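Participant: Sequence:
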Amino acid sequence: SCFWLGRSEVVTSFESSCPQFFFRETPPNEALEPENPAWICQRYQNQYYYATLYDRNRRIPVYSAYLYQPASGTRPNTWLVEPQVSAILQDYKNLTGYNRGHLNPSGQHCDSSSRTATFTLTNIVPQNEKLNGGAWNNYEQQTMMRRSQGCNTTYVIVGAVPGNNYIAKGRVNIPSYLWSSACCEVDTHRRKTWAVIAENDKNEVQLLTLGELEDILTQLYGREQVSLFSSDCPRE
Numbered sequence: 001s002c003f004w005l006g007r008s009e010v011v012t013s014f015e016s017s018c019p020q021f022f023f024r025e026t027p028p029n030e031a032l033e034p035e036n037p038a039w040i041c042q043r044y045q046n047q048y049y050y051a052t053l054y055d056r057n058r059r060i061p062v063y064s065a066y067l068y069q070p071a072s073g074t075r076p077n078t079w080l081v082e083p084q085v086s087a088i089l090q091d092y093k094n095l096t097g098y099n100r101g102h103l104n105p106s107g108q109h110c111d112s113s114s115r116t117a118t119f120t121l122t123n124i125v126p127q128n129e130k131l132n133g134g135a136w137n138n139y140e141q142q143t144m145m146r147r148s149q150g151c152n153t154t155y156v157i158v159g160a161v162p163g164n165n166y167i168a169k170g171r172v173n174i175p176s177y178l179w180s181s182a183c184c185e186v187d188t189h190r191r192k193t194w195a196v197i198a199e200n201d202k203n204e205v206q207l208l209t210l211g212e213l214e215d216i217l218t219q220l221y222g223r224e225q226v227s228l229f230s231s232d233c234p235r236e
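Just so you know, we're using the numbering used here here: the sequence shown kicks off at 1 and counts up by one.
Since the hints were derived computationally from the structure, they do not count as laboratory data. A quick note: this is a predicted structure, and the numbers were derived from the prediction, not measured. One or more of the hints may lead you astray.
Only pairs whose alpha carbons sit at most 35 angstroms apart, straight line, appear in this in silico DSBU-like list of lysine-lysine [what the hints assert, rightly or not]:
#: 1; residue 1: K93; residue 2: K169
#: 2; residue 1: K202; residue 2: K169
#: 3; residue 1: K93; residue 2: K192
Distance windows between CB atoms, simulated [said to hold, decoys possible]:
#: 4; residue 1: L89; residue 2: E236; range: 22 to 28 angstroms
#: 5; residue 1: S231; residue 2: S16; range: 19 to 25 angstroms
#: 6; residue 1: N36; residue 2: Q206; range: 28 to 34 angstroms
#: 7; residue 1: Q206; residue 2: E15; range: 18 to 24 angstroms
#: 8; residue 1: Q84; residue 2: E35; range: 28 to 34 angstroms
#: 9; residue 1: E33; residue 2: T96; range: 17 to 23 angstroms
#: 10; residue 1: Q20; residue 2: S231; range: 29 to 35 angstroms
#: 11; residue 1: N152; residue 2: P19; range: 26 to 32 angstroms
#: 12; residue 1: T96; residue 2: E35; range: 16 to 22 angstroms
#: 13; residue 1: E15; residue 2: G222; range: 23 to 29 angstroms
#: 14; residue 1: S13; residue 2: N164; range: 29 to 35 angstroms
#: 15; residue 1: E15; residue 2: G211; range: 29 to 35 angstroms
#: 16; residue 1: E33; residue 2: E204; range: 15 to 21 angstroms
From the three backbone atoms N, C-alpha and C, an ideal C-beta is built for every residue, glycine too.
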């Protein structure tokens with residue numbers, strides 16, 4: 001696959017640069033922030049497509065936030081590379097048991113530019129290949145479609161909890177968990193939410209409420225209470 005240099009913009013805050021990917025323009029609170037963060041508005045051909053909080057030390061994203069707009073289409077064969085920020089394609093060569101897992105999946109976007117924009121290594125983690133091709137893929141394709149029925153706008157945040165192991169001679173962290181959460185507007189007065197978490201060494205996805213996921217992440221990160229969405233999104 002060919003690649004060219006991406007144009008992801010490292011910004012000082014999501015609120016000031018690309019707030020449109022967060023419900024009520026409210027990103028997650030600071031409980032997930034890594035020691036050496038990069039706030040990235042993912043830009044491709046002069047347009048923003050989603051937002052990524054990136055961990056420069058571990059060379060993996062903490063989360064990517066986007067709007068769910070699925071449509072059938074072909075998967076691009078191009079990689080956008082951000083050498084100044086991120087892992088490089090070489091880091092993902094000759095992996096055993098893992099492959100490149102998208103946090104923001106290309107299949108959840110309705111046109112080729114927004115799909116291509118997901119092919120940047122700032123949106124990629126080493127994911128267990130059975131999970132990536134199995135239960136996680138099933139969640140991305142089937143569960144998301146089912147759950148988002150009746151939604152006008154669905155805001156999604158997908159993240160990875162750092163683990164203790166690395167690939168590429170210690171350059172790139174292997175997450176211990178992957179998680180996904182969504183808050184959707186059914187109409188002006190009604191919203192619904194859902195969430196999942198998966199251990200990155202099992203082909204299994206656990207369906208949760210948004211509140212349950214936030215509590216699990218709070219325990220895993222061991223800091224303040226995690227809040228992924230504005231308080232207008234139901235936790236039940």
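Participant: Each of the hints needs a verdict: does it hold here or not?
Facilitator: Each hint tested on the structure:
Taken as a hint, the K93 and K169 pair is honoured in the structure, with Cα atoms around 12 angstroms apart against an allowance of 35 angstroms. Distance check on the hinted pair: K202 and K169 sit about 23 angstroms apart at the alpha-carbon level, within 35 angstroms; holds. Taking the CA atoms of K93 and K192, the gap is near 40 angstroms; set against the 35 angstroms cutoff, the hint is violated. Range check, L89 to E236: about 42 angstroms between beta-carbon atoms, so the 22 to 28 angstroms window is missed.
For the pair S231 and S16, the beta carbons lie near 21 angstroms from each other, so the given range of 19 to 25 angstroms is met. Our hint of 28 to 34 angstroms for N36 and Q206 holds, since their Cβ atoms are close to 30 angstroms apart. Checked against the given bound of 18 to 24 angstroms, the beta carbons of Q206 and E15, roughly 31 angstroms apart, lie outside it. Checked against the hint of 28 to 34 angstroms, the pair Q84 and E35 fails, with Cβ atoms roughly 18 angstroms apart.
Taking the beta carbon of each, E33 and T96 are about 32 angstroms apart, not inside 17 to 23 angstroms as hinted. For the pair Q20 and S231, the beta carbons lie near 19 angstroms from each other, so the given range of 29 to 35 angstroms is not met. The supplied range of 26 to 32 angstroms is broken by N152 and P19, whose beta-carbon atoms lie about 18 angstroms from each other. The beta-carbon spacing between T96 and E35, approximately 29 angstroms, falls outside the hinted interval of 16 to 22 angstroms.
Against the hinted window of 23 to 29 angstroms, the Cβ-Cβ separation of E15 and G222 comes to about 26 angstroms, which satisfies the hint. For S13 and N164, the hinted distance range of 29 to 35 angstroms is satisfied, since their beta carbons lie about 30 angstroms from each other. Judged by the Cβ atoms, the range 29 to 35 angstroms given for E15 and G211 is violated: they are separated by roughly 24 angstroms. In this structure, E33 and E204 break the distance hint of 15 to 21 angstroms, their C-beta atoms being roughly 28 angstroms apart.
Of the numbered hints listed earlier, those contradicted by the structure are 3, 4, 7, 8, 9, 10, 11, 12, 15 and 16.
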